[in-house]
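All chains, please: the whole structure from these sequences, using the hints.
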Amino acid sequence: MEHCKRGISAANNLEAEVTGRIETEEKLIRVTAVELHYRLKIPQGKRAGADRTLAIHERYCPVHQSI
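Residue numbers (the numbering used here): 61 to 127.
Hints were generated in silico from the structure; no laboratory data involved.
Do not take every clue at face value.
To be verified - Label pairs and their computed distance ranges (CB to CB): (1) Ala-115 to Ser-69: 19 to 27 Å; (2) Glu-95 to Asn-73: 20 to 28 Å; (3) Ala-108 to Thr-84: 39 to 47 Å; (4) Leu-88 to Thr-113: 32 to 40 Å; (5) Glu-83 to Asp-111: 30 to 38 Å.
Virtual Cβ for every residue (Gly too), placed ideally from N, Cα, C.
So, in structure tokens, the structure goes:
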């Protein structure tokens with residue numbers, strides 16, 4: 061995603077550290093947890109929009125809704 065809805069370019073401004081847990085349940089391999097830490101470079105004048113986006117991220121993130 062090159063640009064998000066708030067007009068902040070993701071190129072060189074977004075890093076993420078992700079850790080997942082994979083377990084076997086009833087002979088099936090499942091992703092049971094994902095931990096994600098974002099590091100964002102937010103341009104001047106974009107902080108309020110970025111804060112609003114992060115505040116609602118979990119509600120609309122398909123991975124968060126799936127695990």
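Each hint tested on the structure:
{"no.": "1", "hint": "Ala-115 to Ser-69: 19 to 27 Å", "in the structure": "holds, 21 Å"}
{"no.": "2", "hint": "Glu-95 to Asn-73: 20 to 28 Å", "in the structure": "holds, 21 Å"}
{"no.": "3", "hint": "Ala-108 to Thr-84: 39 to 47 Å", "in the structure": "holds, 44 Å"}
{"no.": "4", "hint": "Leu-88 to Thr-113: 32 to 40 Å", "in the structure": "holds, 34 Å"}
{"no.": "5", "hint": "Glu-83 to Asp-111: 30 to 38 Å", "in the structure": "holds, 34 Å"}
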